[in-house]
Structure formats: structure tokens, C-alpha cells
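Enquirer: Given these sequences and hints, build the entire structure.
Chains as they are written, first to last, in the working numbering: chain D, 1 to 112; chain R, 1 to 116.
Think of the hints as simulated: they come from the structure by calculation, not from any bench. Just so you know, not all the hints are guaranteed correct.
The calculated lysine-lysine pairs, modelled on DSBU-like cross-linking and capped at a C-alpha distance of 30 Å, are [to be verified]: (1) D:K104 to R:K83; (2) R:K42 to D:K67; (3) D:K104 to D:K42; (4) D:K42 to R:K83; (5) D:K2 to D:K67; (6) D:K42 to R:K57; (7) R:K42 to D:K104; (8) D:K42 to D:K56; (9) R:K57 to R:K42; (10) R:K83 to D:K2; (11) D:K2 to D:K42; (12) D:K2 to R:K57; (13) R:K83 to R:K42; (14) D:K56 to D:K104; (15) D:K104 to R:K78; (16) D:K2 to D:K104; (17) D:K2 to R:K42; (18) R:K78 to D:K42; (19) D:K56 to R:K78; (20) R:K42 to D:K56.
Incomplete in silico selection of chain R near chain D, CB under 10 Å [stated by the list, open to error]: (21) Q6; (22) Y35; (23) Q41; (24) E44; (25) L46; (26) V47; (27) S55; (28) K57; (29) D63; (30) Q64; (31) F65; (32) M89; (33) A93; (34) Q105; (35) F107; (36) R112.
Ideal placement from N, C-alpha and C gives every residue a C-beta, glycine not left out.
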Amino acid sequence: QKEVEQNSGPLSVPEGAIASLNCTYSDRGSQSFFWYRQYSGKSPELIMSIYSNGDKEDGRFTAQLNKASQYVSLLIRDSQPSDSATYLCAVKTNQAGTALIFGKGTTLSVSS
Amino acid sequence: EPEVTQTPSHQVTQMGQEVILRCVPISNHLYFYWYRQILGQKVEFLVSFYNNEISEKSEIFDDQFSVERPDGSNFTLKIRSTKLEDSAMYFCASPHVGEATTDTQYFGPGTRLTVL
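Expert: This is the structure:
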């Protein structure tokens with residue numbers, strides 16, 4: 001059974017702070033890792049993808065991957081109230097056409 | 001901007017009825033995925049569809065469900081004899097056409113299905 005685990009939160013941070021979101025996965029065959037943001041009642045919106053160990057930065061977002069520890073994280077710098085949402089971690093194998101396995105998501109609340 | 005749209009945005013049906021949810025691509029897509037999300041729960045994979053054939057399906061995708069591409073463009077998910085527990089958001093997803101990787105899945109806006 002392939003599992004993706006996330007702390008459900010809520011994670012509360014003040015505006016301007018760094019928010020750190022964590023995710024672990026059970027399938028060592030996972031090769032592709034994604035972070036989605038989901039506002040209440042809306043569809044998941046892709047933020048970042050990461051495929052190799054290490055860090056990947058895109059604006060205020062940094063994804064970190066450690067395949068040996070089966071761990072992926074998302075850092076949000078200079079957090080804004082508009083970042084308040086649920087962040088979903090998703091993983092898949094490297095085969096085309098295969099499914100994303102999602103975690104339950106971490107709810108982030110950024111206070112102004 | 002999503003490359004797929006979904007219709008209807010909200011569908012209300014009586015238990016036991018059949019529903020058809022539609023995914024409408026903006027441009028040519030070969031890969032499609034259907035997911036569902038029961039309120040308060042995680043996004044769950046249902047089925048993937050490549051080049052007009054099912055490539056993978058989950059345990060959720062039983063005989064009650066079917067997918068097809070009836071006119072070569074729109075992509076439908078049919079749920080026969082709906083049950084109360086089928087109430088959920090149903091999302092269609094697809095990679096962007098022309099992107100180097102087909103791994104990345106972009107979600108449509110979803111259809112909220114309510115079974116009474």
C-alpha cells in the first residue's frame with residue numbers, strides 16, 4: 001500500500017515568516033514529487049515539482065527532497081495571508097500515465 | 001490557466017441514478033486522469049486514460065464506473081447507479097500539451113457531485 005503522510009495542521013505562522021511543510025512517503029520506487037496548493041472548495045493548483053535529491057527554488061517556494069529518508073518538504077518564505085490554504089504533497093513512480101498518490105494535506109494559516 | 005474545463009460545475013442526483021461528468025480539453029491531450037475528493041478527505045486516484053485506453057485504475061474504480069472519449073475530444077466519467085458515498089468533488093487532470101514531461105498533472109476546476 002503506497003502511502004503519503006503529512007501533518008494535517010493547522011500550521012500557523014505570522015506574515016513574513018517561513019512556513020515549513022513536510023511529507024513522507026512509503027514507496028521507494030517513487031520518482032516524481034509534487035506540491036499542490038488547494039484553497040477551500042477549489043481544485044489543486046500545482047506549485048512545485050521535484051525529481052532529484054536536494055533543493056529546488058521557485059520564487060518564495062523551495063522544495064527539498066531526500067530520497068534516502070523518503071522525505072520531501074516545502075518551504076514558503078515571506079509568508080503572506082494569501083498563502084493560507086491546504087498544501088498537498090503528491091508522489092508518483094516514473095512511469096508515464098501512472099497515478100499521483102496524495103497526502104491528506106497540511107492546512108497553513110498566515111496571520112497578518 | 002487550466003487546459004481542461006469540466007462540466008457541470010455542480011451535479012445533484014438521486015441515489016440510483018446515472019451521472020456523466022465531462023472533461024473538456026482546450027487542446028489535444030493524450031493523457032487524462034480522474035480523481036475524486038470526498039469532503040474533508042484526501043484526493044484519490046480513480047483512473048488514467050492514455051490514447052483512448054485505460055492505462056491504470058484504482059480499487060475505487062469498480063464496475064460502477066466507466067470512462068470514454070465519445071467524440072475524440074471530450075472525456076467522460078460515467079457513474080452508474082450512484083450511491084450516497086459517491087458524493088464528492090471529481091477532478092479531471094492532464095499534463096500540459098507541449099511540456100517536456102508528462103508527469104505533471106494540472107487539475108481542472110472539478111465537478112461537485114451531490115447524491116441525495
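Enquirer: If a hint holds in the structure, say so; if it does not, say that too.
Expert: Hint by hint, here is what the structure shows:
no. : hint            : verdict
1   : D:K104 to R:K83 : holds (23 Å)
2   : R:K42 to D:K67  : holds (23 Å)
3   : D:K104 to D:K42 : holds (15 Å)
4   : D:K42 to R:K83  : holds (23 Å)
5   : D:K2 to D:K67   : holds (15 Å)
6   : D:K42 to R:K57  : holds (24 Å)
7   : R:K42 to D:K104 : holds (4 Å)
8   : D:K42 to D:K56  : holds (26 Å)
9   : R:K57 to R:K42  : holds (17 Å)
10  : R:K83 to D:K2   : holds (27 Å)
11  : D:K2 to D:K42   : holds (25 Å)
12  : D:K2 to R:K57   : holds (14 Å)
13  : R:K83 to R:K42  : holds (19 Å)
14  : D:K56 to D:K104 : holds (23 Å)
15  : D:K104 to R:K78 : holds (26 Å)
16  : D:K2 to D:K104  : holds (13 Å)
17  : D:K2 to R:K42   : holds (14 Å)
18  : R:K78 to D:K42  : holds (22 Å)
19  : D:K56 to R:K78  : violated (39 Å)
20  : R:K42 to D:K56  : holds (25 Å)
21  : Q6              : holds (9 Å)
22  : Y35             : holds (8 Å)
23  : Q41             : holds (7 Å)
24  : E44             : holds (7 Å)
25  : L46             : holds (9 Å)
26  : V47             : holds (9 Å)
27  : S55             : holds (4 Å)
28  : K57             : holds (9 Å)
29  : D63             : violated (19 Å)
30  : Q64             : violated (19 Å)
31  : F65             : violated (15 Å)
32  : M89             : holds (8 Å)
33  : A93             : holds (8 Å)
34  : Q105            : holds (6 Å)
35  : F107            : holds (4 Å)
36  : R112            : holds (8 Å)
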